[in-house]
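Visitor: Residues per chain are reported as follows:
There are 2 protein chains.
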Amino acid sequence: MRASQLLAPTLRETPAEAEVISHQLLLRAGFIRKAAAGVYTYLPLAQRVLHKIMQIVREEMNRAGGQEITMPIIQPAELWLESGRWHVYGDELFRLKDRHGREFALGPTHEEIITDLVRNEVHSYKQLPLLLYQIANKYRDERRPRFGLMRGREFIMKDLYSFDKDEVGMQISYQKMFDAYTRIFTRLGLKFRPVEADAGAIGGSSTHEFMVLADAGEATIVYCDTCTYAANVEKAESRLIAREKQEAQPLEKIATPEQKTIDEVAAFLGIAPEQTIKTLIYHTEKGLVAAVLRGDRQVNEIKLQNLVDTLQLHLASDEEVVEKIGVAPGSIGPVGLKGKVWQVIADPEVVQQNNLVCGANEDGYHLKNVNYDRDYAVDLVADIRMVEAGEHCPRCEEGKLLTAKGIEVGQVFQLGTKYSKALNAVFLDENGKQKEMVMGCYGIGITRTMAAAIEQNHDENGIIWPLAIAPYHVVVIPVSEKDQQQREAAEKIYSQLTQLGIETVIDDRVERAGVKFKDADLIGYPYRLTVGKTLAEGKVELKERRTGNTRVLDVEEAAQVIANLVKEELARY
Amino acid sequence: MRASQLLAPTLRETPAEAEVISHQLLLRAGFIRKAAAGVYTYLPLAQRVLHKIMQIVREEMNRAGGQEITMPIIQPAELWLESGRWHVYGDELFRLKDRHGREFALGPTHEEIITDLVRNEVHSYKQLPLLLYQIANKYRDERRPRFGLMRGREFIMKDLYSFDKDEVGMQISYQKMFDAYTRIFTRLGLKFRPVEADAGAIGGSSTHEFMVLADAGEATIVYCDTCTYAANVEKAESRLIAREKQEAQPLEKIATPEQKTIDEVAAFLGIAPEQTIKTLIYHTEKGLVAAVLRGDRQVNEIKLQNLVDTLQLHLASDEEVVEKIGVAPGSIGPVGLKGKVWQVIADPEVVQQNNLVCGANEDGYHLKNVNYDRDYAVDLVADIRMVEAGEHCPRCEEGKLLTAKGIEVGQVFQLGTKYSKALNAVFLDENGKQKEMVMGCYGIGITRTMAAAIEQNHDENGIIWPLAIAPYHVVVIPVSEKDQQQREAAEKIYSQLTQLGIETVIDDRVERAGVKFKDADLIGYPYRLTVGKTLAEGKVELKERRTGNTRVLDVEEAAQVIANLVKEELARY
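Protein sequence lines correspond, in order, to chains A and B. Position one of the first sequence corresponds to residue 378 (my numbering), numbered consecutively onward. Position one of the second sequence corresponds to residue 378 (my numbering), numbered consecutively onward.
In short, the hints are calculated from the structure, not lab data. This one's a predicted model, so the numbers in the text were calculated from it and none came from an experiment.
A pair holds if it fits inside one copy or across any two, identical chains being indistinguishable in the list.
Think about it this way: if two alpha-carbon atoms lie no more than 30 Å apart in a straight line, the pair counts; the simulated BS3-like pairs of lysine-lysine are:
(1) 859 to 503
(2) 411 to 503
(3) 411 to 474
(4) 630 to 715
(5) 910 to 503
(6) 474 to 798
(7) 715 to 622
(8) 503 to 920
Please work from the sequences and hints to get the whole structure.
Guide: In structure tokens:
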């Protein structure tokens, strides 16, 4: 490809609208342009990257037994009414009517459509397992679309749905997909980690998210420094180490005027926050829930909500707390609380510690030497806290937990019979008995993966594409357009590389060399070949984008050397 | 692929909803399923065919200098308001609102989006020509979607847009696309013909439609039996051969009671319909138009409307004719008509003939021996008729015109500056002068091409895929599933073919051989290899779907022979 013809409009300035690196660089390097909020046109360079990602995904889906199909983007409302999601989905669902007034949704996901298809076409256990997937646009009407391709309103996803005759079959399909995802992200050249994630209300015993590691990632990952344990922070657990019991001291009530927060109280009393008890009051549709944990810990609201199994769960307002418990949130403590709220739940860590300080349920006072069982009772002791770095691994003996930031690019999910039950997708088993199919769903955000690759692979000069998904492998730059020998040598190498199957751009624009170098770094070609003054001695210079390492090559051998380098690296996966 | 795992749900019965062959066979052979009216899911076999069509299209677009991009499906209304099409487009445009009430269209075409992109990114003649294309879903809310993939509401199109600095450049881009389309349909293995088509109100001096020839096609093509001239029937012209003048006879008025139609009048008078004059009255927003032509000819309303340049043109109602001309349509004739209607337009063929019969503009009477000029005058003599088979080619000396039926699968179109003017897409030329870009647009219906391929290639047993776009090249059928030797031999050949790069299905279902043969014909695999009783003598049978020819092969050589056949045929294009 000739840079003079390539539509890759690079920008010197960072557009003000772009908050995250991938969004900034995709705009600056001429990969995307905005058509509307959260809606983008993918320009030729992005198109090439997306094609490569899709091709790797497709190959691995096929290898795992997936069959590719394409389902409609415009989905009839009837199916969504049947599954019950038409009314539940809310404003995130783009809806439209046709000329006859019939309602449609722009698919954010395709469980309804695929389940409808399979219930009509599959009737026997002999046709199972069945793994169907598509790579297509998805729609989600985000309230505030931002971060470029990280959270768009129109985006490309791969979604596969597995149909099995029983739970065991589903586990096998799940493992196939888990392995396929591992191969995909490895082949893409990304540093990633599959982490255990919360399955939420849908149930299903297991779900994993595939996280591309990146400092600016919006998700926190907890992982073991010794074994393979990894989970997202909402799901992460730790192993509690039994503490030595101290002798219980007599309960005391002490005045703590104006001391509201844990830090204020600890400072006032000259103790560590971990010697205090934090009690938070949550509103749910079933009643108030008190979460009791150590003063220095954070509540994991997802764990808490799963435990109490409510539709809503959020911190109660000061007014509601005062009205229902008779004291302001800053003075709440677990002593005498049970029975006043719907449920009191304490974290295992806090109940094993002695002689703690907590709110006295009376404004301006705290209690000292509070001990579980002697001084307060709860409805349930269960893990309700956010795990922190440095805690013990829940799976192995030796490991300590570490944290990292990541971007979720894929998810594998055990759906069970949620949709097959709702849409009556049944089959006859070996004994002629009718059963519901057991389903799984498995997504990869294709456009999001492109953005995540940039979040993980960039520097102050631009993108650093992994070779497997780079839009082109090599850019050839003649330093002086006016120097006929340089131009001819560059053209010759360009033509040789192209013939050798190496995807090459020649920067034949009438621009200063500095502009070409800057664009090459910004766009992130893995290799840059410079044809400059040293050509007089028969030499050209190869620079690797990632390392910055340069290497002088004989002009006659350059194309072959580069082709070997590229092919060797591509063959690594 | 194993048939036991392939989701290809064949049907024995033809679904009642399917009127055309391609729709019937796509449903029966398990290629598509309906999700809503005009909205389909493409099952694995269709997906493979579509991939192959798209890949050939992509290769030829790239070869012609096209750069692939992807534009949004949801397009902001603002751009459509700017181009003026938001209000013009009518009910065929799917419209929706986002959560903030902003309006969007589901793109039926992408002139607005692409012109907006290019006006923002391209400013100099150095960046032109620019050829950008995408392969993506398109939306058209047809009033009555039918004929399956021939006229859907959601369908896949390739659309390329060319931007040039002047008319000459556009002609070059147009020719590149014309040539690319010719290569594409040749490579797809289809019988097709590019035909001249009417450019309509958009103007542009030239446009061609690419027609796949098929008896059930909805378009009529007129072509020369000698030279390359071909046009769709709306655009087709013919060369008029001068007739020998007869001596003009005196005008007579004759009673023709109850004789209304041309055929009735001709029979009543004992003359041929070609000796009569047909006069049709059209309603337009500018006034009535009288079309005068030989009694045996048909008006070409597109030619007529282009001549009078009106927004509307349709036959006037009887009431309007009586009210404005004072006589019923059956008695209208050109004598004395000029001045009573806005325009009288006569076809060149009718004005060169003498002594014709026409309505007397008086109920129950006709005129005999009517001669142009002596007896009647018109506002314009111009070609307003449908050309018919047997007429003379307008381009060559010798040729006679023939007609055929076709399906439009592609169009190349010179847009000129329609959109660049409306959206102000300008650039600076070599002299620093601002100019509007000159555009072209070029579409191929991908899903429609799949359907058209079936309309052209089928028999009473099912589809006959051209090899280049067949979902698989070969099906291997062990006749008896219970015969272990047959099963093993079939498996071995299947595995050999797959290793040789031949796309193969093995029909390993527990079904009678008859069912497998029927499905093989219905699905349309180009080659069927049967492993049956002759295996005992080391023989298997190869059958070619298209010709029905069979060939006995040694079991040991079968895979290699088939692979050679397939590769030879694929290499032909």
